[in-house]
Amino acid sequence: MTQPGQTNGAAIHTEMLARHYKMGNTVIRAVDGVSLDIPAGDFLALLGASGSGKSSLLNLLAGLDHATSGVVFVLGRELGAMSALDLAHHRNRTIGMIFQSFNLLPRMTVMENVELPLRLAEVPRVERPQRVMQALARVGLSARLTHRPGELSGGEQQRVAIARALVNRPRILLADEPTGNLDSATGEEILRLIAAINKPKDNPGKDHPADLPNQTDSPEATTIVMVTHERALAERYANRIVTMADGRIISQESMVAPLTPRGPVTEQQGGTRP
Amino acid sequence: MKLRDLSELAARNLREAALRNVLTTLGIAVGVASLVAMLSLGVGLQELVGRRLERSGLFDSVLVRPRTGNGGPGQARDRFLGNGPAPGATTAPPPLDEAARQQLAQLPNVVEVYPEFRFTGDLRLGAAGHLAQIASLPASASGNDAFEGMQGHFFSSPSAHEIILQLDLARDLADLQQLQPAALIGREVVMRYAGRQPVAPGTSEAASSDTPPRRARDEGSPSPEDAALGFSIVSSQVPLRIVGVVEAQAVTSGGGGFGNAGAYLPVVVAQNLGVVQGNDMSEIVRESTTGASGNHYTNLTVRVAHPSGIPAVENAVKAMGYIPFSLQDVTRSLTRVFAILDMLLGIFGSLALAVASLGIINTLVMAILERRREIGVLKALGASNGDIRQLFFTEAGVMGLVGGTAGVLLGWGIGRAIQFVTAIYLRRQSIPAENIWTVPWWLVAGAIGFSVVVSLLAGMYPATRAAQLDPVEALRYE
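Protein chains in written order, with my numbering: chain A, 2 to 275; chain B, -3 to 474.
Keep in mind that a hint or two might mislead.
[Stated by the list, open to error] Listed next, the in silico SDA-like pairs over lysine to any residue satisfying Cα-Cα at most 25 Å (straight line):
1) Lys(-2)(B) / Glu189(A)
2) Lys314(B) / Lys(-2)(B)
3) Lys(-2)(B) / Val124(A)
4) Lys(-2)(B) / Ala122(A)
5) Lys200(A) / Glu189(A)
It is worth saying that the hints were derived from the structure and are not from the lab.
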C-alpha cells in the first residue's frame, strides 16, 4: 500500500481503487481496482461508454464519494483518511468541478454564482469582487455579471461554471462531460478554454479564442481530469486518454502531440503508468 | 461559512419560495399571537385584580390590636393564634396609645397609621332622624374603589365637618324629605351621638348626684377605679355637611373592616368628637384591672406602601408587642391561582405555536426536496455538512424571528381590539372601562425568543437531513 509521500510526485495517485454499490442482492462494481497516476499539469481524458465508471471515478477523486476499497491520494493527501470537514475544504480549495449540466444556481446572478466558493472559503468580502472579476475575465464573461443563468446560452453557462471552478485557484480541475450539453462548436470552444487553463504558457500552437486570456493565476499549470465520451475532442486536447469499461481501465494512451493528426501511442492495459 | 453569508443565502432562499415561506411564517405569527393574546389576558387580569385589591385597602394594610391582659380569655385566644407572649411571660402588654401610633408610623414602608372609629349615630335632617352606623375614614381612602363614580366628592380636607352617605341610608334620609338621594348633597345634617365627657378626679360625685357613692381615695392620685370611671357619657350633636353619596361599602380599616357603615366621617373629626364606641366598656374594665389610663385605641390600621411590605411590618408589630392581622395569605393564594391560570393560558397559546412548528418542518422538508440538487452543488463546491445544517437552521430561525415579531404585533392588535370591544360593552352596562390587557416587555421578548427556539427545534430534523444528503445522489437528482 502506498504511504503518504510515496505518490511519485503525481498530483493524483490511486491504487486498487474500488467503488461498489449494492442493489438488492446484486453488487455493481462502478469502479473496480483502478490504479492510476496523474502527474501535476497533466490533461487526462477519461473515455468510456455510459456506465463504464468514469463519473464514479471522478467523484472519488473529488472526495464527493467514498471508496469501497483502495486508496486515492490528491496532492499527497489520502482522501479516505480525511474527515468530512477536510473533504469539504478539499473540494473547496484544492479542486474545481465542472459538470455536464453546468449546475449553476438559477436564482443567482453570474457574479453570485461565481462568488459562492469564495463565501464557502470565507474569503474576506472586500477581496471577492476582484477575484470574481478575474475568474470571469479568464472565461471572457466580464460583461454578464448581473445576468442569471437562464439568460445565458449553454456555452456561456459552462463558462460561468468554469469561472466558478477557478475562482478559488484550485490545482486540479475535474470536468464531468463539460461538452455533453453543448453543440460541437461551443464544445470545442469550451475545450480550448480548458486546455488554456491546463497549459497557459506553453501551448502556443493551439488556437485560443481571441476573448480568452491565455493566463492563469496559478504559478503551476492546472491538472485537468476530464470525463468525456467524445474521443475526437479528447485526442485533440488531452495529453493522455484513459479508457474505462466495467469499472476498469482498459487502455491508456499518451498523446505525443495533441492537436496533431498523428494519433495516439497505445500503452498496456491495467492502469500502469506510461 | 460566515454568519452574514449564511444570512444572505438564507434570506435569498426564503425569498425564492416566497408564498410558501410567507404562509409558514404567518402560521408562526398566528401561533405567537395566540400565545401573546392568552398570556396578555392572564397578565392583564392579574394586574387588574391586583390593582383593585390594592385600591380596596384590603391588602396593603395591617390591623394592629393590643394584647389582652394576663390570664384573660383573650390572651388564651392570642396564644392559640400564635400571637400571644410565650407561656409563663408575665410582662404587661403595651398599651395601644398615641405613642404607639407614632412608633408604628416610623416603621419602614409605612404610609400612614390611623385609628378606626365606629359608632351608632342619629342623623337628623330637619325634624326626622335615622339611626346609622357611622365609620371614620382617613384622607387616603379617597382612592378607594368604593368612591369611584360616587355622587358628590370626597372630604374637602382631613378635618372638614363633612359626611358621606352610603346610598341606602341616603335613600332613607331622602325619603323623609321626599327627595332624590343626590339632592341631599350640599345639605346639612345633624349627627347625634354618645360623647365622652372627661370627669376630673374627685369630681365625679359632684357631677351627678345620682352617681353611686364611691370608695374614698387613699391619696391625691386617682385609684384605678377612679381612672376607669374618668368620663361621662353625654348626648352630643354636631352639624355636618353632606358632600357625597356612595353606592358601595367602603373599607374603613385594615383586615377588611368590621361590619358595614351607613355614613363616613373624616377620621380626625371622629377623633375630636370623642365618641363613645361599642367596646369602650371593655376598655373601662381593662383600665380598672391594669391601672392603665389615658387615651387608648381599640385598634390601629397601618397602611403600607406596597403589599409586599406587609410581612416585614407584621413582624415589627409583633416585636413591639401588638397583634397584627392582614389578608396577606389571601393575596398569596391569589398569586398562586393566577400563576396556574397563566400557565394554562400559556399552554393553550403554545398549542397554536406547536402546530405552526409542524408547518416549519413541512416547509423545510419540501425545501430539501426542491433544493436537493442545489445542496449537492453546494457540497461539490466545498460546503461542509455543518454549512448546510446552519443554512437550514438559519432559514428556520429567520422564519421564527419574523413570525415571532409579526405574531407579537398581531397579538397586540388582537388585544387592543378586545380591549376596545370590552370597553364598549362595559360602558353599555354602565360600568367604567377597565384595562384588562397588558403586554409587558418580558412577554414581547419571551414570545419572540420562544418562537425562534421552537422554529430552530422544528428545523433540527430538516437541517440534519439536508446536511446528511449524499452529494453524488443529490447531484444526480432532477
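Cross-check of the supplied hints:
| no. | hint | verdict |
| --- | --- | --- |
| 1 | Lys(-2)(B) / Glu189(A) | violated, 39 Å |
| 2 | Lys314(B) / Lys(-2)(B) | violated, 65 Å |
| 3 | Lys(-2)(B) / Val124(A) | holds, 10 Å |
| 4 | Lys(-2)(B) / Ala122(A) | holds, 9 Å |
| 5 | Lys200(A) / Glu189(A) | holds, 16 Å |
Of the numbered hints stated above, those contradicted by the structure are hints 1, 2, listed in ascending order.
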